[in-house]
Amino acid sequence: MPFSLASSFWDLLLWCFVLAITLGASILLVLLVSLTISQNTIPSKCRPRGSPTHLMIVLGSGGHTAEMLYMLERMKFAPQLYTYRTYLVSSGDNFSADKAKAFEAQLVQNSQDHTHNTYTIVTVPRARRVHQSYLTAPFSTLQCFWACLSILCGLHPGQKLPKEYSSFYPDLILTNGPATAVCVVAGAKLIRFFLCLANITTLCLGLRTTSTSASTPKLRTIYIESWARVSSLSASGVLLLPLVDRFLVQWPAQAGRRAWWGMKRTQYAGWLVI
Numbered sequence: 002m003p004f005s006l007a008s009s010f011w012d013l014l015l016w017c018f019v020l021a022i023t024l025g026a027s028i029l030l031v032l033l034v035s036l037t038i039s040q041n042t043i044p045s046k047c048r049p050r051g052s053p054t055h056l057m058i059v060l061g062s063g064g065h066t067a068e069m070l071y072m073l074e075r076m077k078f079a080p081q082l083y084t085y086r087t088y089l090v091s092s093g094d095n096f097s098a099d100k101a102k103a104f105e106a107q108l109v110q111n112s113q114d115h116t117h118n119t120y121t122i123v124t125v126p127r128a129r130r131v132h133q134s135y136l137t138a139p140f141s142t143l144q145c146f147w148a149c150l151s152i153l154c155g156l157h158p159g160q161k162l163p164k165e166y167s168s169f170y171p172d173l174i175l176t177n178g179p180a181t182a183v184c185v186v187a188g189a190k191l192i193r194f195f196l197c198l199a200n201i202t203t204l205c206l207g208l209r210t211t212s213t214s215a216s217t218p219k220l221r222t223i224y225i226e227s228w229a230r231v232s233s234l235s236a237s238g239v240l241l242l243p244l245v246d247r248f249l250v251q252w253p254a255q256a257g258r259r260a261w262w263g264m265k266r267t268q269y270a271g272w273l274v275i
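Residue numbers (my numbering): 2 to 275.
Think of the hints as simulated: they come from the structure by calculation, not from any bench.
This one's a predicted model, so the numbers in the text were calculated from it and none came from an experiment.
Beta carbons: idealized from backbone N, C-alpha and C, even for Gly.
Fair warning: there could be bad hints in the mix.
[Claimed, not checked] Each computed PhoX-like pair below joins lysine-lysine, with the alpha-carbon atoms no more than 20 Å apart:
| hint | residue 1 | residue 2 |
| --- | --- | --- |
| 1 | Lys77 | Lys102 |
| 2 | Lys102 | Lys161 |
| 3 | Lys77 | Lys190 |
| 4 | Lys77 | Lys100 |
[Said to hold, decoys possible] Simulated restraints, written as ranges between beta carbons of each label pair:
| hint | residue 1 | residue 2 | range |
| --- | --- | --- | --- |
| 5 | Phe96 | Tyr269 | 25 to 33 Å |
| 6 | Thr23 | Lys164 | 47 to 55 Å |
| 7 | Gln160 | Thr23 | 36 to 44 Å |
Throw the hints in and build the complete structure from the sequences for me.
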């Protein structure tokens, strides 16, 4: 009798192990397939004339912030096209917040249109502080990820998006790292995944939506690898390569990389900061 009970226990444990492996493999397969489909989907380039565009700019502090703002200046950033900007900075990063304010002040000075009150600076907890232990880093990263999700969904108390915007979701997210960028892009990808599931469910149930904003591409992401990365990707770049919609590099040796077969390749954009 004891032998029979022990045998039943090990059989049950084996079946649970097999079930866990099967479930994990299925989830991984769905994740890989959904990432491949999402990254290779080409969004419509047509937007209604005069429609407001919400741009989120992730400022990664220090050199990342300097590179980002310099690239925006060099491209002759037009506030008439990106009618509302949200700057996302990490807690304690007063440098990036001040630089964003100075950049917006310069836009007002150079533009003939009134661009004041068309931007917001929001703060999220740092994903990982300098010299922070790797044991506690996952907890701070989860805290940052949750804050990024709330901002992407328009639930952050510091957001002041005008009423003419039909959705709190930003149309485009522009980032060049580091850790906070991973949280923002991963959050955007997660939201898009569930929005896709909701649309599929709606189609299966035969329901129709009357909202035109539902078909407008939202939460598109562009990652620009740092000019300092000549022959290898940064840690943030490696993590974001399978997630972002466009991955721009500034050195020819970095062009053509991809996360795995079937995914989009990195695109050589030339020197953007010099």
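For each hint, the structure was consulted:
{"no.": "1", "hint": "Lys77 <-> Lys102", "result": "holds, 17 Å"}
{"no.": "2", "hint": "Lys102 <-> Lys161", "result": "holds, 16 Å"}
{"no.": "3", "hint": "Lys77 <-> Lys190", "result": "violated, 29 Å"}
{"no.": "4", "hint": "Lys77 <-> Lys100", "result": "holds, 17 Å"}
{"no.": "5", "hint": "Phe96 <-> Tyr269: 25 to 33 Å", "result": "holds, 30 Å"}
{"no.": "6", "hint": "Thr23 <-> Lys164: 47 to 55 Å", "result": "holds, 49 Å"}
{"no.": "7", "hint": "Gln160 <-> Thr23: 36 to 44 Å", "result": "holds, 42 Å"}
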